[in-house]
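Work out the full structure, taking the sequences as your base and the hints as a guide.
Start counting the sequence shown at 1; every next residue gets the next number (the working numbering).
Hints may contain errors.
When the alpha-carbon atoms are kept at most 20 Å apart in a straight line, the in silico EDC-like pairs for lysine to aspartate or glutamate are as follows [said to hold, decoys possible]:
| # | residue 1 | residue 2 |
| --- | --- | --- |
| 1 | Lys112 | Glu132 |
| 2 | Lys251 | Glu231 |
| 3 | Lys194 | Glu204 |
| 4 | Lys194 | Glu132 |
| 5 | Lys17 | Glu60 |
| 6 | Lys133 | Glu193 |
| 7 | Lys182 | Glu260 |
| 8 | Lys92 | Asp285 |
| 9 | Lys187 | Glu203 |
| 10 | Lys92 | Glu138 |
| 11 | Lys175 | Glu101 |
| 12 | Lys7 | Glu38 |
| 13 | Lys17 | Asp59 |
| 14 | Lys187 | Asp177 |
| 15 | Lys160 | Glu101 |
| 16 | Lys90 | Asp278 |
| 17 | Lys256 | Glu183 |
| 18 | Lys158 | Glu193 |
| 19 | Lys7 | Glu60 |
| 20 | Lys90 | Asp285 |
| 21 | Lys92 | Glu128 |
| 22 | Lys133 | Glu275 |
| 23 | Lys251 | Glu101 |
| 24 | Lys208 | Glu231 |
| 25 | Lys7 | Glu80 |
| 26 | Lys272 | Glu138 |
| 27 | Lys112 | Glu89 |
| 28 | Lys279 | Glu138 |
| 29 | Lys90 | Glu138 |
| 30 | Lys245 | Glu231 |
| 31 | Lys210 | Glu307 |
| 32 | Lys274 | Glu101 |
| 33 | Lys160 | Glu200 |
| 34 | Lys182 | Glu203 |
It should be emphasised that the hints constitute simulated quantities derived from the structure, not laboratory data.
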Amino acid sequence: MTIRHLKIFIEVAQCGKMRSAAERLFVSQPTISQAIRELEQHYGVLLFQRIKKRLYITDEGKQLLFYAKDVVEQFDHLEEKMFNLSRTEKVKIGATVTVGECILSDIINQFKIKEPTVEVYSYANNTERIEEKLLNGEIDIGIIEGKIKSPNLISIPKIKDYLVLVCSNQHPFAKKDVINLKELANKSFAMREKGSGTRELFEEYMIKNKVPIKTVFEGNSPESIKREVVENNCLAVISIGLVQKEVQDSKIHIIKNANEGWNRYFSVVYHKDKELTDKIRCIIDIINNYKYLQNYPKFQSGMLINETS
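Structure (structure tokens):
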């Protein structure tokens, strides 16, 4: 028994004649007769009484008609929804948390202006999770600040960014013009979670320079990190783009790395076997022309130096 059987049955029940049903469905009368016969054999009941060349639906037929109409309606609804999905163009963008906080909404808004009919899905998490979703084909393109590990992914640096050391305006470091890297040893740090590109860059730098990190808080969002800095006097290393408001409100003091050891890029990432559609290329073009650090005001800051470098 198939949906086609049910549609033929409904038409026959409504017309009362197989010939009329055949004409309305653009099939032959033997096809109609065979479908009704197969339904009767399938359910083991008589669906129509045949009296003087006219069909009269039986009680069993009325029961089937009641359910068949609902089943066919649901099937037609399913077909419509699925075909509409296939006609709707979609782009799925993944971004690391820092990128999501700094630029993702703006990039999506610019894309919607250029491609208003395209449906956009966005997902934010750390570098490790974005890499995983790209490899699984769950997203089309990623924008990340961390390092990609898989050789199956292509990563292209696009937008300049850099990390800064931050503290509250009440922290002793806020009163110093110059801080030596060694002074960070055993100071309380609020850190991003494992898998974060920001954390990886900072840890590699500190390990290289043999300075231990005392982690007293781990969080998966910039807001939680900044709260620890402001409310609990922790230090943190964070993207310059995430602390503009707090610096303007005199809640956070920034300290730049003098040797530019925390400079980095936001990179576009996609699978090496991924077909770059016109819509994905449009997103890449928007990122290529995106103005980021150029628009930020210059704030008074301290300077972090490394006397052993």
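- Starting from the hint list further up, note which numbers the structure goes against and sort them upward. 1, 11, 18, 24 and 32
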